[in-house]
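Below, each chain spelled out in residue letters.
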Amino acid sequence: MEQLGLMFYMLLGYAQINWIVVTVFFVGALVLNLLALSKAGGFFNKAAFKMAAIGYFIMLGLLFVSLPGLTGSSFAYMGYWLDWVLLVMMSAGYAAASILWIYPVVKLYQTTSEQRV
Amino acid sequence: MTNMVKLSALSRRKFLAGGAAALATATGLTSISARAAESAPRIVIVGGGAAGISIANRLSRALKNADITVIERKETHYYWPGLTLVATGAWPKSKVLDHNRSFMPSRVNWVKEMAREIDPDAKRVTTDAGRKVDYDYLVVANGVEYHYGAIEGMDINAIGQNGLASVYQSPDAAAKSWDVIKTFSQQGGEGIFTLPSTPIRCAGAPLKMALLTLDRMRQNGGFDKSNMHFHSGTNGLFGIPFHNQFLLDEFANNNTQVNLRSELIAVDVAARQATFRQAEGDTRTQTYDLLHVVPPMRAPEVVRNSNLAWTEGNMAAGGWLAVDKDTLQHMTYPEVFGCGDVNGTPRGKTAATVKMSVPIVVENLLAVIDGRDPSATFDGYTSCPLLTRFGAAMLIEFDYNGNLTPTFPMIDPKKESWMAWIMKDQMLKPAYQQMLRGRV
Numbered sequence: 001m002e003q004l005g006l007m008f009y010m011l012l013g014y015a016q017i018n019w020i021v022v023t024v025f026f027v028g029a030l031v032l033n034l035l036a037l038s039k040a041g042g043f044f045n046k047a048a049f050k051m052a053a054i055g056y057f058i059m060l061g062l063l064f065v066s067l068p069g070l071t072g073s074s075f076a077y078m079g080y081w082l083d084w085v086l087l088v089m090m091s092a093g094y095a096a097a098s099i100l101w102i103y104p105v106v107k108l109y110q111t112t113s114e115q116r117v
Numbered sequence: 118m119t120n121m122v123k124l125s126a127l128s129r130r131k132f133l134a135g136g137a138a139a140l141a142t143a144t145g146l147t148s149i150s151a152r153a154a155e156s157a158p159r160i161v162i163v164g165g166g167a168a169g170i171s172i173a174n175r176l177s178r179a180l181k182n183a184d185i186t187v188i189e190r191k192e193t194h195y196y197w198p199g200l201t202l203v204a205t206g207a208w209p210k211s212k213v214l215d216h217n218r219s220f221m222p223s224r225v226n227w228v229k230e231m232a233r234e235i236d237p238d239a240k241r242v243t244t245d246a247g248r249k250v251d252y253d254y255l256v257v258a259n260g261v262e263y264h265y266g267a268i269e270g271m272d273i274n275a276i277g278q279n280g281l282a283s284v285y286q287s288p289d290a291a292a293k294s295w296d297v298i299k300t301f302s303q304q305g306g307e308g309i310f311t312l313p314s315t316p317i318r319c320a321g322a323p324l325k326m327a328l329l330t331l332d333r334m335r336q337n338g339g340f341d342k343s344n345m346h347f348h349s350g351t352n353g354l355f356g357i358p359f360h361n362q363f364l365l366d367e368f369a370n371n372n373t374q375v376n377l378r379s380e381l382i383a384v385d386v387a388a389r390q391a392t393f394r395q396a397e398g399d400t401r402t403q404t405y406d407l408l409h410v411v412p413p414m415r416a417p418e419v420v421r422n423s424n425l426a427w428t429e430g431n432m433a434a435g436g437w438l439a440v441d442k443d444t445l446q447h448m449t450y451p452e453v454f455g456c457g458d459v460n461g462t463p464r465g466k467t468a469a470t471v472k473m474s475v476p477i478v479v480e481n482l483l484a485v486i487d488g489r490d491p492s493a494t495f496d497g498y499t500s501c502p503l504l505t506r507f508g509a510a511m512l513i514e515f516d517y518n519g520n521l522t523p524t525f526p527m528i529d530p531k532k533e534s535w536m537a538w539i540m541k542d543q544m545l546k547p548a549y550q551q552m553l554r555g556r557v
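Protein chains in written order, with my numbering: chain A, 1 to 117; chain B, 118 to 557.
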């Protein structure tokens, strides 16, 4: 109970401190998705999903190898199982969030390509 | 039962079933009688730092009719736990500065003056502007006083010059300290770090400063050109035996000589000489290229000179606030509570201690207003994210008795981890700000 409350408020506080980044991210995602909906029609697109899934794993891999360095640390200091769990969770989480941008971009790209053909 | 009001979304039944005291303490929720909730006591909070603002937020929510006054001149809020990162070049100074008005509840009277006199018999606080503020209940939360004057020749205006550093004095001093530490980490020389024998705010900070400076020296090339010394005025480096030994080993492995019971008593800034009083009573003077000074600390003058300070025991010398270590209620004046660094309690002058003790103080103050005895007890929780190098830390949490009490059981307080670094570098400030708002 106490731990969950602390985690919640830590994340809430983190979002508040970085509110500009969070706002730009969500506004950008909203605009891209609305654009993709209007131009590409419909939300589901199997081919775009496949591409976005590939994008997710690429992003996950990139984050996995770069997050320790980006946070002022290095793989040399990750000798503890919990560090690896955290790294996987952070990479997976940020990669999942990036799908909100990647998926509409892929859809828009495909639509534009189809229109050219 | 019917005269009880709920101050939370939880029903009283659930509240009791969940272990009332523990849950109330953890969440900051509590139940008081309708009479007390509707009362309009005059509550004065001396000090608008972490403890003062956090308590003001919680009280203003719990007591809608209370007349709450916060006495604090400073409008800028310092995030003290971040100063070690400023002084070692990891954070910009701006990251530890905020506005108190962003956190101060709108409903309180904020007197932008400093308390000059507290008369607990007359229940009156007098400010340095001569304003007299009467109270029914008082919370003393005005932190510590850095006693640089106890070190002969020490000049706080010289911090950042002639190899003189001190993370404690202010964010400005921390930023200036980075200037001299950066130069030293490149050029090397004789480096000295100190730890006084008095109780101090964040006892891990002097150690973090030394360890992070060593890391900067490795990064910037000064490590092999240096002789490092750590002078501790006490019998050890850290209050937990495991970590004390870890630190002794760490310093031994990094060419740092540790001198115990060796207290800085004088400094000649121009000549770059520091003088220490040794255990046997004799003195020793060393020249330095870098001297990191940690000042002796004591309670603020307004507390030391009042009837609220300890008059006997090991807390009397510093004039620390005489509170019961369990309930944080004053030993003589039941309407007075203490919170934060000013308390004359066995351990813990950290933001983490504030985080855990604020709900206890609020709970017990509400009980006293309600005509009951205070029943919530504080276990002395404190926390030290011991930064062992850039990118790794140990998250050490412990109580009055030195028992390790990790909040997240899976985080081993005896292991260095990246996770603890992430917590310190990115997550603790958000948690701190939520604490200021009376949450967490």
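Calculated from the structure, these hints are not laboratory results.
Even for Gly, the Cβ is constructed at its ideal location relative to N, Cα and C.
Watch out, some of these pointers could steer you wrong.
Unchecked claim - Short, incomplete list of chain B residues facing chain A, as computed with Cβ under 10 angstroms:
1. A267
2. K532
3. E533
4. Q550
5. V557
The hints, checked one at a time:
| no. | hint | result |
| --- | --- | --- |
| 1 | A267 | violated (36 angstroms) |
| 2 | K532 | holds (5 angstroms) |
| 3 | E533 | holds (7 angstroms) |
| 4 | Q550 | holds (5 angstroms) |
| 5 | V557 | holds (5 angstroms) |
Going through the hint list in order, the structure does not satisfy hint 1, though it satisfies all others.
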